[in-house]
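J.: Those sequence lines, one after another, are chains A and B. Counting from 0, one number per residue, gives the positions in the first sequence under numbering that gives the first Met the number 0. Counting from 0, one number per residue, gives the positions in the second sequence under numbering that gives the first Met the number 0.
Quick caveat, the hints were computed from the structure, so don't treat them as lab data. Any given hint could be a false lead.
[Said to hold, decoys possible] With a Cα cut of at most 30 Å, we get these calculated DSBU-like pairs of lysine-lysine: (1) Lys51(B) / Lys81(A); (2) Lys95(A) / Lys89(B); (3) Lys76(A) / Lys403(B); (4) Lys367(B) / Lys119(A); (5) Lys4(B) / Lys119(A); (6) Lys281(A) / Lys53(A); (7) Lys146(A) / Lys406(B); (8) Lys51(A) / Lys350(B); (9) Lys281(A) / Lys81(B); (10) Lys47(A) / Lys27(B); (11) Lys51(B) / Lys183(A); (12) Lys81(A) / Lys11(B); (13) Lys47(A) / Lys175(B); (14) Lys95(A) / Lys11(B); (15) Lys350(A) / Lys4(B); (16) Lys53(B) / Lys281(A); (17) Lys8(A) / Lys281(B); (18) Lys4(A) / Lys53(B); (19) Lys99(B) / Lys4(A); (20) Lys27(B) / Lys81(A); (21) Lys395(B) / Lys99(A); (22) Lys8(A) / Lys27(B); (23) Lys11(A) / Lys119(B); (24) Lys51(A) / Lys53(B); (25) Lys89(B) / Lys53(A); (26) Lys27(A) / Lys76(B); (27) Lys95(A) / Lys175(B); (28) Lys248(A) / Lys176(A).
Single-letter residue listing:
Number of protein chains: 2
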Amino acid sequence: MKYSKLYSKTIKEIPADEVSKNAQLLIKAGFVYKEMAGAYAYSPLGIKVLEKIKQIVREEMNAIEGMEIIMTALQRKELWEKTNRWDDEKVDVWFKSELKNGTEVGFGWSHEEPISEMMKLYINSYRDLPIYVYQFQTKLRNELRAKSGIMRGREFVMKDMYSYSISSEAHEEFYKKTIEAYLKTFERIGIGEDTFLTFASGGAFTQFSHEFQTVCEAGEDVCYLDREKKIAVNEEVFTDEVLEQLGLKKENLEKVKTAEVGNIFNFGSAKSEELDLYFTDKNGEKTPVILGSYGIGITRAMGVLVEKFHDERGIIWPVNIAPFTVHIVEIKGQNIGEGEAQKLYEELLSKGIEVLWDDREDVRPGEKFADADLIGVPYRVVISPKSLEQGGIEVKKRNESEAKIMKVEEFVELVS
Amino acid sequence: MKYSKLYSKTIKEIPADEVSKNAQLLIKAGFVYKEMAGAYAYSPLGIKVLEKIKQIVREEMNAIEGMEIIMTALQRKELWEKTNRWDDEKVDVWFKSELKNGTEVGFGWSHEEPISEMMKLYINSYRDLPIYVYQFQTKLRNELRAKSGIMRGREFVMKDMYSYSISSEAHEEFYKKTIEAYLKTFERIGIGEDTFLTFASGGAFTQFSHEFQTVCEAGEDVCYLDREKKIAVNEEVFTDEVLEQLGLKKENLEKVKTAEVGNIFNFGSAKSEELDLYFTDKNGEKTPVILGSYGIGITRAMGVLVEKFHDERGIIWPVNIAPFTVHIVEIKGQNIGEGEAQKLYEELLSKGIEVLWDDREDVRPGEKFADADLIGVPYRVVISPKSLEQGGIEVKKRNESEAKIMKVEEFVELVS
């Protein structure tokens with residue numbers, strides 16, 4: 000992509016009420032635009048990052064036989080009344096409105112209810128199970144405060160998966176598979192090292208739910224990490240009894256602020272009983288379906304990445320989810336042909352490498368360098384009279400300070 | 000994909016209030032699920048079709064330098080008041096709700112206002128123009144009645160593009176390019192022959208807007224077609240004066256029911272003036288930006304396809320947007336090895352051909368054939384003792400009645 004064609008140029012001014020670091024950087028660098036507190040639009044740069052995160056999540060969910068679907072934002076009152084989650088006293092994040100005929104409707108903040116209701120159409124016998132479905136849904140939540148940028152929004156993208164299993168044992172097996180798939184996902188996104196399987200409070204059916212918490216100063220949770228065992232305990236269940244149960248020793252634990260990037264939960268048969276979701280088992284018995292739910296905050300993960308990977312000059316995207324792999328800075332001069340940068344751009348594109356080319360005229364090199372640092376593409380490549388004189392292009396990684404001169408072929412090999 | 004793994008099996012019962020043919024067929028065949036009137040969820044099959052339509056639209060919008068973004072559903076009252084479109088008396092499809100502090104918010108039924116407001120951040124000089132942006136947005140519209148299935152929903156996916164140009168001439172040039180891109184898009188989707196560039200009522204700036212109307216009995220519009228000239232006139236502007244102006248003769252026109260699949264519109268400088276969106280031109284003069292808006296109903300297009308391409312047995316998807324290219328019906332028998340269908344399935348997949356394999360046990364051939372017709376994949380391939388005896392597989396196109404025996408290699412060549 001040519002930078003001159005990109006409307007969302009870097010900007011200096013950010014909204015006065017924007018206190019969150021991730022949103023400040025993303026707005027400045029031109030990835031997002033603040034519509035209102037907790038609701039952000041995504042520019043072509045922002046979409047590229049979001050889609051990369053989504054694609055990694057999609058691949059990992061498909062790998063455990065998840066099937067992608069998409070539910071609706073609009074929600075029916077009667078359905079949510081069945082599980083006692085319509086009342087604002089019970090669920091305080093509903094946005095509600097009404098149809099022309101006065102029928103109340105809600106906007107989806109979660110989707111266990113409608114998906115499970117839908118499954119009543121398709122689940123009759125044990126032969127119809129298991130079913131694993133997921134969606135990338137724009138959730139709407141009427142949060143009292145929304146001050147964490149894209150880490151906690153009133154409107155945000157979540158991957159939510161639901162499993163419908165024949166028994167607790169079958170559920171447990173899939174639940175464990177999902178834990179592995181989640182760890183792999185966070186690894187691929189670039190936060191694997193700092194993301195911990197975390198014991199948190201459970202529900203009617205299980206003592207614990209499991210969260211995936213990423214060490215992050217801007218996070219809203221507090222966890223106790225055992226770095227060696229690679230697990231954590233959310234402070235909400237941090238008792239001597241729990242530690243003993245998990246075989247953890249207080250002296251090995253580290254108290255840190257964290258952001259929840261994923262959460263998995265066993266509903267057992269509770270929701271199925273409320274919604275009347277039963278199947279006929281092998282013996283002809285009517286049996287409630289066992290339900291699990293598995294979330295990953297897609298926009299939140301993007302916010303966490305920015306919080307974790309930035310310096311005073313801007314964002315430092317991990318390679319796997321960077322909007323581009325290479326950012327070409329063109330510096331014109333007397334001995335540089337008109338077409339040199341273009342040639343490089345096209346050569347990299349032809350090798351399947353994603354490139355942002357800062358082709359702007361009348362912009363000083365210093366400004367181009369500052370913008371490259373702010374945007375945070377992993378490789379900055381300068382093509383200038385000086386680099387050509389030295390026999391190539393000047394390559395610098397965003398997270399290193401040393402640049403070096405390389406031949407184009409050498410560089411292509413490096414990033415392929 | 001194996002049919003046994005797909006939860007959204009064909010069903011016999013459809014919701015009693017579902018009067019629309021497209022929704023009836025899509026529900027029966029397992030592509031959509033009705034959440035409420037005008038709001039449908041999409042199953043793995045439904046998503047596949049939607050994504051194919053979106054991808055064609057995306058490619059054509061990218062080809063005319065459109066850049067993909069995504070705005071928010073949540074809308075600010077103050078913004079829409081500037082253009083006098085907040086009041087329910089002016090716009091009667093708003094869903095509205097409020098934040099915890101009592102601030103009113105709306106849910107996006109259109110996005111000219113927020114996108115243009117955002118552009119004030121990025122447009123200063125003539126050097127920043129033109130800008131072409133588009134999104135695939137889930138629009139929310141509080142329609143009084145919603146009886147056309149996925150052709151007119153309370154919640155639906157639209158591709159909306161906006162152009163920001165320096166002058167009426169520059170605008171006009173892009174507008175014409177978009178017409179070509181739209182015609183190509185509808186051609187690729189499979190409705191090119193029956194889709195007409197249509198003159199419809201304009202606004203403050205232009206006598207006409209342009210619609211893309213597809214001949215369709217279930218449509219809500221009435222148009223007069225000149226099939227030879229490949230243009231149409233919406234009845235809302237059907238006067239002798241207009242016909243003369245367009246050089247059309249009444250006797251050459253055919254009155255038909257149509258569905259609007261696209262609409263393009265010139266706002267001139269009107270909206271920019273209301274929203275204070277100006278740029279500095281080459282002479283240093285403050286000048287309003289010229290705005291165009293260009294919609295394609297993605298879910299509606301899917302509905303139109305079903306309305307146009309079905310018979311008494313089910314849907315007949317055009318090849319380009321079919322969920323799969325091949326539907327394998329496996330019929331077991333004495334002389335058929337266990338692995339024959341699997342071998343065929345894997346061979347086709349390895350050639351990059353999308354396959355649905357009806358691998359169900361204990362289902363009669365007749366039921367499998369009926370389901371294949373209902374789902375509407377372009378090629379049905381039967382592998383059975385009889386077909387193997389005759390030396391291959393039995394291939395039948397969904398829109399033809401004759402089947403023939405082919406060798407696998409022959410078939411692969413045909414569909415590649």
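J.: For every hint, state whether the structure bears it out.
T.: Outcome of the hint check:
no.: 1; hint: Lys51(B) / Lys81(A); verdict: violated, 37 Å
no.: 2; hint: Lys95(A) / Lys89(B); verdict: holds, 22 Å
no.: 3; hint: Lys76(A) / Lys403(B); verdict: violated, 53 Å
no.: 4; hint: Lys367(B) / Lys119(A); verdict: holds, 22 Å
no.: 5; hint: Lys4(B) / Lys119(A); verdict: holds, 16 Å
no.: 6; hint: Lys281(A) / Lys53(A); verdict: violated, 38 Å
no.: 7; hint: Lys146(A) / Lys406(B); verdict: violated, 63 Å
no.: 8; hint: Lys51(A) / Lys350(B); verdict: holds, 26 Å
no.: 9; hint: Lys281(A) / Lys81(B); verdict: violated, 64 Å
no.: 10; hint: Lys47(A) / Lys27(B); verdict: violated, 36 Å
no.: 11; hint: Lys51(B) / Lys183(A); verdict: holds, 29 Å
no.: 12; hint: Lys81(A) / Lys11(B); verdict: holds, 26 Å
no.: 13; hint: Lys47(A) / Lys175(B); verdict: holds, 29 Å
no.: 14; hint: Lys95(A) / Lys11(B); verdict: violated, 34 Å
no.: 15; hint: Lys350(A) / Lys4(B); verdict: violated, 37 Å
no.: 16; hint: Lys53(B) / Lys281(A); verdict: violated, 42 Å
no.: 17; hint: Lys8(A) / Lys281(B); verdict: holds, 20 Å
no.: 18; hint: Lys4(A) / Lys53(B); verdict: holds, 23 Å
no.: 19; hint: Lys99(B) / Lys4(A); verdict: violated, 40 Å
no.: 20; hint: Lys27(B) / Lys81(A); verdict: holds, 26 Å
no.: 21; hint: Lys395(B) / Lys99(A); verdict: violated, 48 Å
no.: 22; hint: Lys8(A) / Lys27(B); verdict: violated, 48 Å
no.: 23; hint: Lys11(A) / Lys119(B); verdict: holds, 14 Å
no.: 24; hint: Lys51(A) / Lys53(B); verdict: holds, 18 Å
no.: 25; hint: Lys89(B) / Lys53(A); verdict: violated, 38 Å
no.: 26; hint: Lys27(A) / Lys76(B); verdict: holds, 25 Å
no.: 27; hint: Lys95(A) / Lys175(B); verdict: violated, 42 Å
no.: 28; hint: Lys248(A) / Lys176(A); verdict: holds, 27 Å
Of the numbered hints given earlier, the model fails hints 1, 3, 6, 7, 9, 10, 14, 15, 16, 19, 21, 22, 25, 27; all others are met.
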